[in-house]
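Chain P: place on chain B using the hints.
Taken in sequence, the protein lines are chains B and P. Our numbering numbers the first residue of the first sequence as 1 and each following residue consecutively. Our numbering numbers the first residue of the second sequence as 1 and each following residue consecutively.
DSSO-like mimics (lysine-lysine), calculated; alpha carbons at most 30 Å apart, straight line:
1) P:Lys102 <-> B:Lys14
2) B:Lys9 <-> P:Lys105
3) B:Lys14 <-> B:Lys57
Which residues of chain P face chain B? A few of them, derived with a C-beta cut under 7 Å, are:
4) Tyr32
5) Pro44
6) Gln49
7) Val91
8) Phe100
9) Gly101
10) Lys102
11) Gly103
For the record, the hints were derived by calculation from the structure and aren't laboratory data. As the structure is a prediction and not an experimental result, all values here were calculated from the model. The beta carbon of each residue, even a glycine, is placed where N, CA and C say it ideally should be.
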Amino acid sequence: NAGVTQTPKFQVLKTGQSMTLQCAQDMNHNSMYWYRQDPGMGLRLIYYSASEGTTDKGEVPNGYNVSRLNKREFSLRLESAAPSQTSVYFCASSEVGGRAWELFFGSGTQLSVL
Amino acid sequence: LAKTTQPISMDSYEGQEVNITCSHNNIATNDYITWYQQFPSQGPRFIIQGYKTKVTNEVASLFIPADRKSSTLSLPRVSLSDTAVYYCLVVGGSQGNLIFGKGTKLSVKP
Chain B
1 NAGVTQTPKF QVLKTGQSMT LQCAQDMNHN SMYWYRQDPG MGLRLIYYSA SEGTTDKGEV
61 PNGYNVSRLN KREFSLRLES AAPSQTSVYF CASSEVGGRA WELFFGSGTQ LSVL
Chain P
1 LAKTTQPISM DSYEGQEVNI TCSHNNIATN DYITWYQQFP SQGPRFIIQG YKTKVTNEVA
61 SLFIPADRKS STLSLPRVSL SDTAVYYCLV VGGSQGNLIF GKGTKLSVKP
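Isolated chain B, as found in the complex (with noise of 0.2 Å):
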């Protein structure tokens, strides 16, 4: 049982680069998350899809695009890295129900965009 899977770990972009920041759970989850974390700073929250087939925007959806593949998989597109897009970008998931709001969260993908 992993719990929630993020790739890749570390990743460096030029101004201007795509890329996409994958997610993936394995507890049947149906809610997931997307924040970023800068340093010394709280989680903003950029998207989050409630429920398969869902996604809304956050805090600070500016720039990003996220797709929900499947129950399983979150991710999250940059279309065109910035530089203030340099962050820590952490997934996670909650079910319905119960200890609805226990967010489980990912290791975490370091990102610098030069």
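Same frame as chain B, now just chain P:
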């Protein structure tokens, strides 16, 4: 969603009890209060969740007064390994827009 306010940082010494208070004046009837812990270079980890009164688990206690406008996370007898950032979240309604604030950076000294 209720906005939360926590102290930016706190210092403590090993063996002491630490209480971190979170204000959430606009909490709704159906909202719950949750706390997370984050170590450097790791994702946050769920610690505890409560609705009212007191909740205790193997890690911490959560005290919520009757008006639910604030909550206090209590860590008994902290050790150096409790040095981390602690986040308070108010969650409820249709699950989704789970917003973390800046959290409280707890530093435990020997």
